[in-house]
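*Asks:* The chain contents come next:
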Amino acid sequence: MREVNVSVLTDTVEKLCIEANYHLPEDVKCAIKNCRACEDGEIAKGVLDNIIENFDIADAENVPICQDTGMACVFLEIGQDVHLVGGDLTDAINEGVRRGYTNGYLRKSVVKDPVRRGNTGDNTPAMIYTEIVPGEQIKVTVGPKGFGSENMSQIRMFKPSHGIEGIKNFILEAVETAGPNPCPPMVVGVGIGGTFDKAALLAKKALMRPLDSQNPDPYYADLEKEMLEKINKLGIGPQGFGGKTTAIGLNIETLPTHIAGMPCAININCHVTRHKSEVI
Amino acid sequence: MAARKITLPLTEELAKTLHAGDEVLVSGTIYTSRDAGHKRMCESLAKGEPIPFDPKDATIYYVGPTPAMPGKVIGSAGPTTSGRMDAYAPTMMSVGARGMIGKGARLPEVIDAMKKYSGVYFGAIGGAGALLAKCIKSAELIAFEDLGAEALRKLYVEDMPLVVIIDSEGNNLYEIGRQNYLDSVNK
Numbered sequence: 001m002r003e004v005n006v007s008v009l010t011d012t013v014e015k016l017c018i019e020a021n022y023h024l025p026e027d028v029k030c031a032i033k034n035c036r037a038c039e040d041g042e043i044a045k046g047v048l049d050n051i052i053e054n055f056d057i058a059d060a061e062n063v064p065i066c067q068d069t070g071m072a073c074v075f076l077e078i079g080q081d082v083h084l085v086g087g088d089l090t091d092a093i094n095e096g097v098r099r100g101y102t103n104g105y106l107r108k109s110v111v112k113d114p115v116r117r118g119n120t121g122d123n124t125p126a127m128i129y130t131e132i133v134p135g136e137q138i139k140v141t142v143g144p145k146g147f148g149s150e151n152m153s154q155i156r157m158f159k160p161s162h163g164i165e166g167i168k169n170f171i172l173e174a175v176e177t178a179g180p181n182p183c184p185p186m187v188v189g190v191g192i193g194g195t196f197d198k199a200a201l202l203a204k205k206a207l208m209r210p211l212d213s214q215n216p217d218p219y220y221a222d223l224e225k226e227m228l229e230k231i232n233k234l235g236i237g238p239q240g241f242g243g244k245t246t247a248i249g250l251n252i253e254t255l256p257t258h259i260a261g262m263p264c265a266i267n268i269n270c271h272v273t274r275h276k277s278e279v280i
Numbered sequence: 001m002a003a004r005k006i007t008l009p010l011t012e013e014l015a016k017t018l019h020a021g022d023e024v025l026v027s028g029t030i031y032t033s034r035d036a037g038h039k040r041m042c043e044s045l046a047k048g049e050p051i052p053f054d055p056k057d058a059t060i061y062y063v064g065p066t067p068a069m070p071g072k073v074i075g076s077a078g079p080t081t082s083g084r085m086d087a088y089a090p091t092m093m094s095v096g097a098r099g100m101i102g103k104g105a106r107l108p109e110v111i112d113a114m115k116k117y118s119g120v121y122f123g124a125i126g127g128a129g130a131l132l133a134k135c136i137k138s139a140e141l142i143a144f145e146d147l148g149a150e151a152l153r154k155l156y157v158e159d160m161p162l163v164v165i166i167d168s169e170g171n172n173l174y175e176i177g178r179q180n181y182l183d184s185v186n187k
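Just so you know, the protein sequences line up as chains Y and C, in that order. Here the numbering used here is used: the first residue of the first sequence is 1, the next is one more, and so on. Here the numbering used here is used: the first residue of the second sequence is 1, the next is one more, and so on.
Keep in mind the hints are simulated off the structure, nothing from the lab. Nothing here was measured: the structure is a model prediction, and the numbers come from that model. A hint or two may mislead.
What the hints assert, rightly or not - Here are the in silico distance ranges between beta carbons for each label pair:
(1) SER213/Y with GLU23/C: 33 to 39 Å
(2) ALA2/C with SER213/Y: 39 to 45 Å
(3) ASP183/C with GLU165/Y: 38 to 44 Å
What the hints assert, rightly or not - Looking from chain C toward chain Y, a few residues come up when the C-beta cut is under 8 Å (computed):
(4) PRO65
(5) GLY78
(6) THR80
(7) ILE125
(8) GLY126
(9) ALA128
(10) LEU141
(11) GLY177
The beta-carbon is built from N, C-alpha and C at its ideal position, and this holds for glycine as well.
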């Protein structure tokens, strides 16, 4: 049994909130640069050049890549041999978000009630996802999620008879409906299986996976490749102004599901797909 | 194609020279507002009360910036999704606020109002907040301070890189640009 004080989590979350918002992951930068090299259209090339210049400025000057510094999605993989001491875990995470968003000059974008609104003023509460795993370490991932793209996400409960074609059509339909709104080029996270809620969680987790990785199952790895190609034939292009680059990546995560169902969730992200992890 | 430099205010005369797909570098005064600010302004207008700035030939930037770091004019400041302002945009144009800067699709009723009032919808690059902040030379909070990032600010911008998405005749780059690309592929 290893004891970890929750204050360590506060410090880690604070740091990750700031770093994730200032520095785009290398795999995302690389995907954008590769797409820029393939574009022909003047406007499309210009948009991608500006996007590259933007993340370079954020890196060099330590400023937020995008003004929507998101809701703080915090993923915790807690080793089952860890004993957390020193206070409430949720409070410790929220304190990390509070400090990160204040000290990092990040935008406070959270309202305290979905209908009656009212900004909480410190970007709390975080959206916390905990998982108990073997071992005595804690992996913390912070993925700030902007809502221009979150608002374009969809979920559907398919009948098994809809099969893979139903899912393929749904992915294209979701991207088509999103159009220019989620700041394309976008990243598409797809969750298939589980239950209604688990499918959505899988889709969000798919967005945290590096864009240069593949689903370990060759069937889904092929589907990732096929759907990315199909999305990039839609012609929406960077910012929706037309072009080859509508998406820079598509990741699929799956779970077993019920004999009667085939849930599918699609979580859309923008080209500022941010996430940063640390192991404690 | 080299970007054309234009200077605000956005008069009717200037608006009519702008066409969907034009790349422009905009200089002049603009005002920031998002959902909550638009709601308040439209409520004021409905009661016959004035809004915090003179809307005649004005341009509104749909943005909620990050807080300014010490020594900086403003934080990162890219556009937010314009569609959320669709409910308010025709009212704002009816009192003269002709220019809109944002990103994403607009409803047909907004485009109809643009044709009626010679409105122009400019696109700033969504997600390029660090780059766009460099064009903002001054920022002054003028109303709705309680709304935080959504407060109403008066900005002075220089050579802000924008693209005309929808012009005063209703031509739409989202349709034209995509069709041009698909035509070029299917040739």
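*Asks:* With reference to the structure, classify each hint as holding or not holding.
*Replies:* Hints and how they fare:
1. SER213/Y with GLU23/C: 33 to 39 Å: holds (36 Å)
2. ALA2/C with SER213/Y: 39 to 45 Å: At 41 Å between Cβs, range holds.
3. ASP183/C with GLU165/Y: 38 to 44 Å: violated (28 Å)
4. PRO65: Hint on PRO65/C: holds, closest Cβ of chain Y at ~5 Å, below 8 Å.
5. GLY78: holds (5 Å)
6. THR80: holds (7 Å)
7. ILE125: holds (5 Å)
8. GLY126: Holds. Min distance 3 Å.
9. ALA128: This hint holds: ALA128/C lies near chain Y, its Cβ roughly 4 Å from the closest one there, short of 8 Å.
10. LEU141: Violated, about 15 Å.
11. GLY177: holds (3 Å)
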